[in-house]
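Peer 1: Each chain is listed here by its residues.
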Amino acid sequence: MRYLDLDIKTINEKLKNKEIKPIDLVNEAFDRIEETNLNCFITLNKEDAIKKAKELEDKEVDNILFGLPIAIKDNIVTKDLRTTAASHILEDFIPIYDATVITKIKEKNMIIIGKTNMDEFAMGSTGETSYFGNTLNPIDNTLVPGGSSSGSAACVATGITPFSLGTDTGGSIRQPSSFCGLVGLKPTYGRVSRYGVIAFASSLDQVGPITRNVYENALLLNVISGQDKNDLTSSNKEVKDYTSLIGKDITNLKIAVPNYYMSEVIDKTVREKIINIINLLKEKGCQVDYVDIDYLEYAIPLYQVIALGEASSNLARYDGIRYGLKVDDFKNVDELYKNTRNIGFGNEVKRRIMIGSYILSGENANVYYYKALKLRKEMTDSFVSVLSKYDLIIGPTNTDVAYKLGTKQDDALKSFYDDLLTIPVNMAGLPALSLPVGYKNNLPVGMHIIGNYFEEDKIYQLASYIENNLKEEK
Amino acid sequence: MKPTIGIEVHVELKTMAKAFSLSKNNFNDEVNTNINVLDLGYPGTLPRLNKGIIDFALKACLAFNCKINRLMHFDRKNYFYPDLPKGYQITQQDTPIGYDGYVEISNKKIYLERMHIEEDTCKSIHTTDTLLNFNRAGVPLIEIVTKPCINNGKEAMEYLEKLRETLLYLGISDVKIEEGSMRCDVNVSVSDSDKLGTKCEVKNIGSISSVGLAIDYEIKRQEELIKKGEKIVEQTRRFDDKTKTTILMRYKETGNDYRYFPEPDIPFVYIDDEWLKEISDNMPILTDELKNKYVELGINNNNIKTIISNKNICNFLESVIDKCNPVIASNLLTGDVLSYLNKNIIKIEDTKLSQDNFIKLVNKLDKKSISSKQGKEIISIILENDKDVDLIIKENNMEQISDDNFVIEIVNKVVSANPDSIKDFKEGKDRAVKYLMGQIMKESKGKINPSLANQTLIEVLKKS
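In the order they appear, the protein sequences are chains A and B.
Quick note, the first sequence lines up with residues 1273 to 1746 if you use this note's numbering.
Quick note, the second sequence lines up with residues 16 to 479 if you use this note's numbering.
Calculated from the structure, these hints are not laboratory results.
Some hints could be false.
Unchecked claim - A few chain A residues that don't get close to chain B, going by computed Cβ distances all over 10 Å: (1) ASP1279; (2) HIS1360; (3) LYS1556; (4) ILE1627; (5) GLU1650; (6) LYS1661.
Unchecked claim - Once the Cα atoms are required to be at most 25 Å apart in a straight line, the calculated DMTMM-like pairs of lysine to aspartate or glutamate come out as: (7) LYS138/B - GLU1607/A; (8) LYS39/B - ASP1370/A; (9) LYS214/B - GLU1635/A; (10) LYS162/B - GLU1635/A; (11) LYS1324/A - ASP1370/A; (12) LYS1646/A - ASP272/B; (13) LYS257/B - GLU194/B; (14) LYS1598/A - ASP98/B; (15) LYS218/B - GLU249/B; (16) LYS191/B - ASP256/B; (17) LYS1643/A - ASP272/B; (18) LYS218/B - ASP1606/A; (19) LYS1649/A - GLU1727/A; (20) LYS169/B - GLU238/B; (21) LYS1598/A - ASP256/B; (22) LYS267/B - ASP1606/A; (23) LYS1622/A - ASP272/B; (24) LYS1646/A - ASP109/B; (25) LYS82/B - GLU238/B; (26) LYS1501/A - ASP70/B; (27) LYS1603/A - ASP98/B; (28) LYS138/B - ASP1606/A; (29) LYS1610/A - ASP144/B; (30) LYS402/B - ASP365/B; (31) LYS191/B - ASP255/B; (32) LYS1501/A - GLU289/B; (33) LYS1509/A - ASP287/B; (34) LYS138/B - ASP272/B; (35) LYS138/B - ASP1600/A; (36) LYS1643/A - ASP109/B; (37) LYS1610/A - ASP272/B; (38) LYS267/B - GLU1635/A; (39) LYS1603/A - ASP144/B; (40) LYS1622/A - ASP98/B.
No residue lacks a Cβ here, since even glycine has one placed at the ideal position from N, Cα and C.
Just chain B, with the same shape it has in the complex (with noise of 0.2 Å):
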């Protein structure tokens, strides 16, 4: 039996402003204060168009390989719900913006039917009554709708990693599933023959792993069903986090009729060749070139996995990666630092941390003048304090030594103090250079460079 899986994503843009008003684009402000007529939909009043919407709805489309409707136009989706203020949404049904792209994934691409831009509703709030928040209502959104090629749960969560792990770089979404600013809804079918089979929808999924959780449930239940040679019945399910399963929402009415038309209050618009390559000339690194680029420079898989997903690391770690070590800095930037941003949960644009600060440690460290050990409490103090490196190493007498006279002169004057370890060490026994070195430390009062102070103990004592 074979499963058939079409993912629709709504993630909603991070402008400044609403789609078609002027009204702030922040739903977590206190509630109902990001609002104004057109947003109530007040009678008389009439939608604008934020450039923005189109501007950040264009990048996705380039960055997810889709054709563009160079002319395009707005339509309205009319049906009755306390959420709509208007009665009708404005989205795109003839002309989606983008439309035949595709997302790569590990094994596979995965296609992407059309990209369009539409408006958020208000957000309900059912206590005793049902209130409305319409701070949502108007917030930009573009739904992202693939084609049904995706065959299980582990190909869809790769599928919407890759999606919300693009956007986020695009900078375009803040891409929180948990807060609402993308949602998933999952259609799942299950056939035995070559047609397709009769598709349930699991709506606004919480995680990206409980699509795939979802998904492979519904795989199954259906499959069950089929075996039993029951017939599959078209529905809107829900996935409950407590029992990994999907549960009966509602049954699919038949021809939901949104008695769309074109938008008559927005002109259409056209987008030119200087517009599209404004955008274009303008588009981030996104993230499959970044992991090539940190291959090549020899950062570690595991490491390249953690800045990937750290947004704020990995821009930080762009900003300073052609002025020092990216391999030390990379270690440095997903060790001490991000456990640090872990346990105060904040980010690292909130710490004292600066730019050149930190590629002077990471030269230190790099040059091999300090420890790294010593790298370490340094990057604990530049975290608070933006206090400079140098000074610090100064003020802390960290510089290790490394100039080979004065590292002679202690090696000398430790072995010759130390005969019985001369004969240990020709003997063979380990801990005599163990102990030497201990010895060139304390004499060194924990300065001297110790890779250089135990290369010269070595050959000091061979020639002895």
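The following block holds chain A by itself, in its conformation from the complex (with noise of 0.2 Å):
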């Protein structure tokens, strides 16, 4: 009997009647990782997480995710546990805080398994740029399990934990739950404290779950919202109760694709799979238009301008002063700097780090920088205008499935190009979901559904209707 493969509610019950206990859970957890070599870890926290199950023995079972295990996308910072973002750099950072998220899973008594691998500083969309050696997807172990969050991924979709933070700057969470066939959400920026999370870029980073369903991904996006003090960027906004509307009829939502997302940069099966859930809904009786979205074509270069120029910016203060690497070669300070940043960062780090300071650096802020935060502007009001007439918008995920390893590596542009539909999001702060919703050669496809500020708990419904009513095989 494997109880970490039964849905939560089953688990939650078990616990409750005392059948099992949250160490039969943990163990379980850690048996898994022994069977299976995905690299989905870079650090373990067995021992710990051993403890505190036994802890929770005593307690009783008060919320539905008391004693469940869940990895932790590696660049959230987590007090007393090593926390690396994936980078030398950072090898044998230990954290004297936990991030906002991680108090708030520790008060429910989630059980911390292990810190997952990721892209170096979420810096990638293959899982490859990681320090510590690319995660493997496992559905096939040649190809890319996604990234940045490739570890929280490909640990879910293995069955190794049935929940994951990941982050997404650009499509981190949405683009590796597409490829592993999982449920991913970027919540609202704003709608989850972003304190404790080793900043990207800053206008766009967000923590989310990953889960093997809708409604479970739900209760732990219920667990890490809330505004928080220590952010000054998370939002007010009460927190809703996600799964409220998971269930409820869906034949009055307004449903609106972009054309842009239909178009023929997207593979052609990827397309039809859409298209038989546009018809799905049709059937059911929701209204689905297309709609023009304007500037979703300059998603790249306004992701390159915009993240990388905060990115140069927030990974300065890896100067190997005060904590992290530091080379013990080095006749000055400006030496120990180049030398520190030289053999701590890999190659995409820096190349980003290069790419941004360029873009901020004397009139080029102005040609650059402040130009394409206009276009910002505007491609949100064009959101904005849509969102105002339709409940949600849908389209693919990803233009693709996922591919070999090893691909991409060599075009430091085509790796961006994974995150065409999934840029536009973050630009304008909406809160979007990747769902699986067919195959294409036995490689899962990821529709994504996104909606309106703070409407979680709209796209939620949307996607448990589908979840529920498409029947594909492999």
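The task is to assemble the complex, starting from two chains supplied on their own in separate frames and drawing on the hints.
Peer 2: Here it is in structure tokens:
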């Protein structure tokens, strides 16, 4: 019997009636890590997880996530548990405080199994830029699992934990969820505190849940949401019960499909899968219209300017002075910086810091950065305008399904194209979810559901309907 | 040749907490005790925003007649230096909280280009190694930048004195140059044409008078170079206290590239009418207003200067000024009280002196119920002891007798006992009155009101 394969409600029942104990789930998770060899984790939290599970035996099962194992992306700081952001420069970094999301999941007595592998500083969409080696796709070990939340996706897909937390700056939750056949949500910017999340691009970063199904995704969002005094960009908007619309009738939902999301740049089979869904929804009686959203085609340059500009500043603190890697080989402070950062950062990170620094440099700031901010505003307005007439926007999450490891490493620009459809959502700060809706050559295809600000509940409502009504064999 | 000077002043704000973290804002505590993960630039940390720094900066904006950027944001100034924990400084580049202000000095207005909020860096301590004190990391600063409109060292000093005084009276900073809570950098250029000359910056000058000396030296140095036909090269210099000269530190690198961009971790701040009104309704009286008031009250100029430059004394005076004679009060405070404070190196709050007791004393002096000599004795007692003034007077028999009948009785008694003195008086000998007054004081055991006694004596003598 593998308890971790059961749905959360059933596991919760069994914990309540003492049929199983949290330690059984923890042991099972670590057994599975032994059985599989996907390089999902950078650091395991075995000793502490077992201790925590034993402590919970005396406690009342007071919430549905009580005692459940969870994996945390390694760019979310955990007190006393090594946090590396998959970088050599933080290889030995042990934080002295918990991120707000960690405090929240600890309050619910969830058990952290370990810190998951990822692209270095979340920069990448394959998991391959990790200092600790790439993660394998559990469906086919020769494929990328997607990234940057590569380990968080692979670990849920392979059944090590039912839950994981990822972060999404340009698609880093949704793309690996799509490649691994999972449900992954990027919440509204400001819904979840960023305090304790190692910053990549501050105006785009957001933490979100990766799970096996829609309901469990909403359960985890319920726990991690809310305003945080430590994050001025977190919203004071009331936290809803995000499961509350699941199972509610969807007939009256008005749905928009951006023409760009169904254009030639998207793989044909992927488009067919989305058209299947559109037909399913139309049959149900939903209004589904094709719409235009302005400036979507500028997503990648926009991302390169804004995300990399911010990143070049956010990563300046890794200088060898206060924490993290510090080389012994230096004659003066400039050499200390250069040598530490040269050895400490991988190529992709260095490349992005250089591009970001260039973009903000002197007159370039006006030519690129401030212009990009204007374009971002325009694109956002266009989304807002569509969402004033429609409840949700749908389309594919990615241009295609998972591809072979190593294919995009030579071309620095290519990997950005994975995020063609996900980046605009981060730019607008909207919530969006990736939902598996079929297969292409046995590989999962993800559908993108984009909602209005703070309307994650409506996204789950539609996602759950599709999840329950789509029957497709591999 | 025309010199042009601009001044940049950094002022530490004395809010309870630091600008963007909850750490205590006190550099002087034990090294590296007022710090947290944010001050250290730990991964994952995010800035908070202490509203107090905006309140303080708004006070300064109003005091210096600045326009206010109602919708303002913070920017990141990116550069690498060991004393900069995050690799960037949170400052205001595009939207300084204040702009286009001025400070009035005796003969002109010194125009302010801008005033903005920013955070301080760590303090580097250079021993065999370089050590860092993070108590200062994140301490709130305002930077006040003048337009290039100052023409000599004297104007600069007057401007800085006025700035310091005003900031002190606003209660937003200690403004101690020697302790670094106020730091001055000056830009000096000299030109023999209509165009501005090449400027040289003199950094971190240790006192206001040194600023004057540094500027005048720089003007002279540059004028001589120009006369010799040499070119001024843009550079950073420092002032040497011993030689009273400026010394080259480094040539300016061309194009410092700070890669400014809006700080994405702090939302834009809107200063609405209500907020601004709350600040302007609670502005303290500033020095110009105080000076005018004291002149009207008849306090002499020397006393006014002394009072204004001792803010604690001034506060004390303000707390009693409506309840007693301001001239007598100011004389006591700038005289006996201040010399006592200076002698013991303490502040007026550290003494036992209460407002009530001080008012009583001034009123006794005002009514001439005690002599000024007795006043001095009493003030020295009540600085160290909170004993009631009435009680001191009573216990020491200090009450002067101004009762007419008693005075006449004593005067008559003394005069009739000294017929020779009446003769001397009639003959116009001054010593007679002095001698008789001595006898009167002796007879009354020093308690008689001397001026009343003197007046009465002369009347009696004239009638004799």
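Peer 1: If a hint holds in the structure, say so; if it does not, say that too.
Peer 2: Cross-check of the supplied hints:
{"no.": "1", "hint": "ASP1279", "verdict": "33 Å, holds"}
{"no.": "2", "hint": "HIS1360", "verdict": "14 Å, holds"}
{"no.": "3", "hint": "LYS1556", "verdict": "40 Å, holds"}
{"no.": "4", "hint": "ILE1627", "verdict": "12 Å, holds"}
{"no.": "5", "hint": "GLU1650", "verdict": "17 Å, holds"}
{"no.": "6", "hint": "LYS1661", "verdict": "28 Å, holds"}
{"no.": "7", "hint": "LYS138/B - GLU1607/A", "verdict": "21 Å, holds"}
{"no.": "8", "hint": "LYS39/B - ASP1370/A", "verdict": "22 Å, holds"}
{"no.": "9", "hint": "LYS214/B - GLU1635/A", "verdict": "23 Å, holds"}
{"no.": "10", "hint": "LYS162/B - GLU1635/A", "verdict": "24 Å, holds"}
{"no.": "11", "hint": "LYS1324/A - ASP1370/A", "verdict": "16 Å, holds"}
{"no.": "12", "hint": "LYS1646/A - ASP272/B", "verdict": "23 Å, holds"}
{"no.": "13", "hint": "LYS257/B - GLU194/B", "verdict": "19 Å, holds"}
{"no.": "14", "hint": "LYS1598/A - ASP98/B", "verdict": "16 Å, holds"}
{"no.": "15", "hint": "LYS218/B - GLU249/B", "verdict": "13 Å, holds"}
{"no.": "16", "hint": "LYS191/B - ASP256/B", "verdict": "18 Å, holds"}
{"no.": "17", "hint": "LYS1643/A - ASP272/B", "verdict": "19 Å, holds"}
{"no.": "18", "hint": "LYS218/B - ASP1606/A", "verdict": "23 Å, holds"}
{"no.": "19", "hint": "LYS1649/A - GLU1727/A", "verdict": "20 Å, holds"}
{"no.": "20", "hint": "LYS169/B - GLU238/B", "verdict": "18 Å, holds"}
{"no.": "21", "hint": "LYS1598/A - ASP256/B", "verdict": "39 Å, violated"}
{"no.": "22", "hint": "LYS267/B - ASP1606/A", "verdict": "18 Å, holds"}
{"no.": "23", "hint": "LYS1622/A - ASP272/B", "verdict": "19 Å, holds"}
{"no.": "24", "hint": "LYS1646/A - ASP109/B", "verdict": "16 Å, holds"}
{"no.": "25", "hint": "LYS82/B - GLU238/B", "verdict": "36 Å, violated"}
{"no.": "26", "hint": "LYS1501/A - ASP70/B", "verdict": "20 Å, holds"}
{"no.": "27", "hint": "LYS1603/A - ASP98/B", "verdict": "18 Å, holds"}
{"no.": "28", "hint": "LYS138/B - ASP1606/A", "verdict": "19 Å, holds"}
{"no.": "29", "hint": "LYS1610/A - ASP144/B", "verdict": "20 Å, holds"}
{"no.": "30", "hint": "LYS402/B - ASP365/B", "verdict": "16 Å, holds"}
{"no.": "31", "hint": "LYS191/B - ASP255/B", "verdict": "19 Å, holds"}
{"no.": "32", "hint": "LYS1501/A - GLU289/B", "verdict": "24 Å, holds"}
{"no.": "33", "hint": "LYS1509/A - ASP287/B", "verdict": "22 Å, holds"}
{"no.": "34", "hint": "LYS138/B - ASP272/B", "verdict": "23 Å, holds"}
{"no.": "35", "hint": "LYS138/B - ASP1600/A", "verdict": "24 Å, holds"}
{"no.": "36", "hint": "LYS1643/A - ASP109/B", "verdict": "15 Å, holds"}
{"no.": "37", "hint": "LYS1610/A - ASP272/B", "verdict": "18 Å, holds"}
{"no.": "38", "hint": "LYS267/B - GLU1635/A", "verdict": "20 Å, holds"}
{"no.": "39", "hint": "LYS1603/A - ASP144/B", "verdict": "13 Å, holds"}
{"no.": "40", "hint": "LYS1622/A - ASP98/B", "verdict": "23 Å, holds"}
Hint compliance for this structure: hints 21, 25 are broken, all remaining hints hold.
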